[in-house]
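Undergrad: Next come the chains, spelled out residue by residue.
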Amino acid sequence: MKFVVCVKQVASLDEEFELLEGGGVDSDFVEWELNEWDTFSLEAALALRESGEGEGGEVVAVTVGEQEAEEALLACLARGADRAVRVWDESLQGADPLAVARVLAAVVERESPDLVFCGVQSSDAVTGSTGTALAGYLDMARVAVVTALSYDAPSSTLTVDRELESGLVEVVRIGLPALLTIQTGINEPRYATLRAIKQAREKPLVTYGLEDVGLDAGAVGVAAGAHTIELQTPERGAGAQLLDGSPAEVAARIVEIVQERMSG
Amino acid sequence: MSDGGVLILAEARQGELREVSLELVSAAREVAAGVGGRVAVAVIDQQAERFANAVGADGVSEVLTVTSPTEHFEAHVWQRALEGLIERERPAIVLAGHTIDSLGFVPAVAARLGLGFAADVTAVWWAQGPRARRGAYGDKLHAELDFPGKSCTLLTVRPGIFAAAPAGSGAAAARAVEIDLDGTARTEHVEFRDVAIGDVDITKAEFLLSIGRGIEDKDNIPRFEHLAERFGATLSVSRPLVDAGWMPNARQVGQSGKTVKPRVYLALGISGAVQHLAGMRSADTIIAVNTDPEAPIFGVAHFGAVADLFEVADELERALG
Ligand SMILES: Cc1cc2nc3c(=O)[nH]c(=O)nc-3n(C[C@H](O)[C@H](O)[C@H](O)COP(=O)(O)OP(=O)(O)OC[C@H]3O[C@@H](n4cnc5c(N)ncnc54)[C@H](O)[C@@H]3O)c2cc1C
Ligand SMILES: Nc1ncnc2c1ncn2[C@@H]1O[C@H](COP(=O)(O)O)[C@@H](O)[C@H]1O
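Line by line, the protein sequences give chains A and B. Residue numbers for the first sequence follow the working numbering, so the first one is 4 and each next one is one higher. Residue numbers for the second sequence follow the working numbering, so the first one is 10 and each next one is one higher.
Just chain B, with the same shape it has in the complex (with noise of 0.2 angstroms):
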């Protein structure tokens, strides 16, 4: 690739490839044909080119690999290889994930490149250049962008929203790209550690109650807990409940906490910010009860009512009898 095309950025982690490197492949596709149909997919990693067979997805042109010096991935080595992949290859377009590594490091190559730049994309297309869609005042609306006078845009594409391509489905060769990344780390990797394991495996349960910031105060718990019980449900719960030390790490959903699939999710005071959907947007049926009814939450629920939770949790436990 020279000048043009699409460049995606895989991730990876612990020696496995993470599911968005194959949702940024679809993204391209929406995008490709626009600056002239390349599309190569990067890995940057210890071992480099294990992956290269399972991101040469169909639609890849090219898999370019780039052998990193730490075995795990650190933010300032992964800067320098993202900037020197953007001056050697030039393409128009860079895909990477909205995910927490990118977090460390994407923005920075975008400042120090001057590059377009948008963070949290949930769709790009082309018109006579790139445009893309991210949520503005927390997901509530949609704003549309344009990078006018920038010869290359970077975005961070939200996990989820594009369906993987399957793995290994192309026939893109690789090619390794020599960047020097010796002394370019600035942290040291000191151990990885889970902070969710708990008394209770949410991932399992078929019917979560979930309460969110809406039920206000750490003494209203008891009151879920009841409930849930009443109800045969698993109590779990959003961010900010963990976060104040009302609810073990164990029982959050969401991107930093578990990815549950339960038949029924039942969520009162939630808003649905998107780390939070992250967790849950795949269950069967998702029941949400709130006062806000353009809270985002609604937009992935399968049955909503704007109400007050405390009402509606009065009269569940009067209906349960």
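For reference, chain A alone in the conformation it holds in the complex (with noise of 0.2 angstroms):
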């Protein structure tokens, strides 16, 4: 079985960050990681290879973005991908999740896999839309937000359980080829050794442009399905109260406030 799993290297920003005049942020605030769920997606594109059924597939981590996104592919060939492709063009600074897709789209192709993995979300974005667009330009039959997943060889069918609000679930079965988005705690992701880590560096690993996948900053453009005018500082309406002072002095006001509300 061939695997393709879409991964993104996320920003965070850290206690002091800054905006810049003109809305971007200031990049000395920002921390770059492989984005959670992807953690969890790899995992599981890496324990069905090696489970008897997907045995001697082919595991190909894609990410759309810039030089640093290399560390998320690296990251993923030191778990065990097997190659890693990277696509980037300076038009898709700031790209939509639908922008982001279409590019995703045309590396998928090429790859025709069996399934392909997507996190539920970003922890930047948090759009939650990139995986289920991709399987809307890929006309590809998916499941957003997988809990579980299991893979009967015979019939080729997936049984997978799909979280929805509440504490409830979902057992649905789909065909392949598909698509899932998957969510967080539904294995344990693996380490990487570090004699792992070094070897990653030897993996293939590629750098498209646009035209190498056969679009241009024009398609993707006419694809994107916003645009951002500015960023803000949220408004945070009257706030939290601040409990200020030493641990032993918030930790007296809010014995006193907790007893204050349960008796009365």
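Just so you know, these hints were derived from the structure itself, not from any lab. Watch out, some of these pointers could steer you wrong.
Label-pair ranges, simulated between beta-carbon atoms [said to hold, decoys possible]:
1. Ala42(B) / Arg204(A): 52 to 60 angstroms
2. Gly27(A) / Ile170(B): 36 to 44 angstroms
3. Ile170(B) / Glu69(A): 31 to 39 angstroms
4. Ala185(B) / Ser115(A): 37 to 45 angstroms
Which bits of chain A does chain B cover? Going by a derived footprint, with three or more residues having C-beta under 8 angstroms, they are [said to hold, decoys possible]:
5. 93 to 104
6. 124 to 132
C-beta atoms are modelled at their ideal positions from N, C-alpha and C, and glycine is treated no differently.
Two chains, two frames, some hints: make the complex.
TA: Below, the structure written as structure tokens:
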């Protein structure tokens, strides 16, 4: 079986982040890491490949991102992915989920995998949309928010748990090829050994421009669903009443508040 | 409705209309005037008519019913149904809930029809065209969006932001829209299962001490169990502690866990991700302890301490003596 795992290098803002004039975030305050959801979806692909059924399969990690996104791909290669593909073009700066999905679709079409894995969401953009938009472009069957999966080789169907709201789960069956968006907690993502981290650099990692996957900036621009006018610091309404002072003073106030609210 | 107006997609599960459907009616008010005033609500269901009256809230011009061939939600059927509705009714704005069902098909509709699109929006308005606001960098910032060059824009709206319009408060007529959906299903329903059954019912607790990833390690859990007991609180958790297998599902607060409304919710080391807030934002009193002054939890807390949770926990133990 062949698997494509779509992964994203996500940005988190540290505690003292500042907005730049013109709306962006000062990159000095940004930390990068492999999206948490994608660690679970990579593990799902690796585990399926290692199980009898997927044996001998190939796992390809794909990202749409700048140079620093190679860190995410190296992390995937170190954990066991066989190859990695990065696509980038300056016009993709700040791309929305539809534009990203359009680019991913061009890569996935070329790879023609049995299974595509995405995370449910990325922790920075939190759109929860890229995977399902990708399935839309590919006209591929899909299940979103998967918390368990098992594969039946004879029928080439997957039985998956689709997590709903409030502790409810729906069990559904889906045939291959298919795309799944994977939820946290579905498995225990492995760590890479130091040796594997070193060896990751030897594995194939290719970088494509848009024309290499048969696209151009115009086509991707048309696909984009939204344009960001500006970034703002949220208004926090009245905001929390701050409890300051030493930990002992904070604790004393908390005890007071709890006693007052619980006795009323 | 034809050419223009707002199309709302209602949502039902297991024969019950979901609250977000009526919240969308309130959201539609923000943009209805800008797009010519018409607001239609569409229901896709095997017996769609059964919800026609309820979704016809004050402010709704028309209810559209689409009969689904499947008993339950099926992502590919819903995708085709929504595509059909948009192609026929030609709305300028489509609103759906940012819900789990939507995650499985709404972005695919936007992709295939080349629509304007944004997910999990928290505000919509009209300024010569639709505008929307959504979180950025995990809700630490807001982004303001527009949709240049798009004749139709599809938005998924965060649940719990708009007040629900009263069900059945309007007098809109219902119209059946025929869309051929036979053979469009690509998944097969097996069963529903409840995974959050457990020893405690945190929804009944009056005082929850809730811990998140800030507690760092499984070995620290007994310490908070002890603190909860001393304090007369019930221990609840954010999702990562359940994902890691440290605590059972039944203790999880949030969208995929339990919705709680205790008198006091004391959150230690919880950032306040939208799916967590969905389960606790209506607690009477929320107290949050977090080292990050920008943590979104402070946006809903009544009392907040920017402090180390372990130090505060130690002092709480001492104060409770
Ligand atoms: C479909 C879906 C459903 C979901 N459902 C749920 C749900 O039901 N419930 C839920 O909780 N999540 C849910 N999530 C996950 C959610 O998106 C977040 O990932 C999760 O809530 C984060 O948990 P957290 O706040 O404990 O962890 P983090 O976001 O990692 O936050 C940890 C916090 O601890 C603080 N901290 C660290 N050390 C200390 C210290 N020493 N003292 C004080 N503070 C400290 C940090 O500043 C940080 O703010 C869902 C996600 C999806 C996609
Ligand atoms: N730039 C990207 N490159 C590759 N995959 C991505 C990218 N952005 C999002 N994804 C995939 O889409 C999922 C959901 O992200 P999002 O739609 O941004 O919430 C992620 O977990 C990834 O699997």
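Undergrad: Check the following: the C-beta atoms of Gly27(A) and Ile170(B) are separated by a distance inside 36 to 44 angstroms.
TA: For Gly27(A) and Ile170(B) the Cβ distance comes to about 26 angstroms; the hint is violated.
Undergrad: Can you confirm whether chain B covers the region 93 to 104 of chain A, using C-beta to C-beta distances below 8 angstroms and requiring at least three such residues?
TA: n = 4 at 8 angstroms, threshold three: holds.
Undergrad: Using C-beta distances, would you say chain B covers the region 124 to 132 of chain A, given that this needs three or more residues below 8 angstroms?
TA: holds (count 7)
Undergrad: Are Ala185(B) and Ser115(A) spaced within 37 to 45 angstroms by their CB atoms?
TA: holds (40 angstroms)
Undergrad: Within 52 to 60 angstroms or not, the Cβ separation of Ala42(B) and Arg204(A)?
TA: Once the Cβ atoms are compared, 58 angstroms apart, the range 52 to 60 angstroms for Arg204(A) and Ala42(B) holds.
Undergrad: Do the Cβ positions of Ile170(B) and Glu69(A) conform to the proposed distance bound of 31 to 39 angstroms?
TA: holds (33 angstroms)
Of the hints listed earlier, the one the structure fails to meet is number 2.
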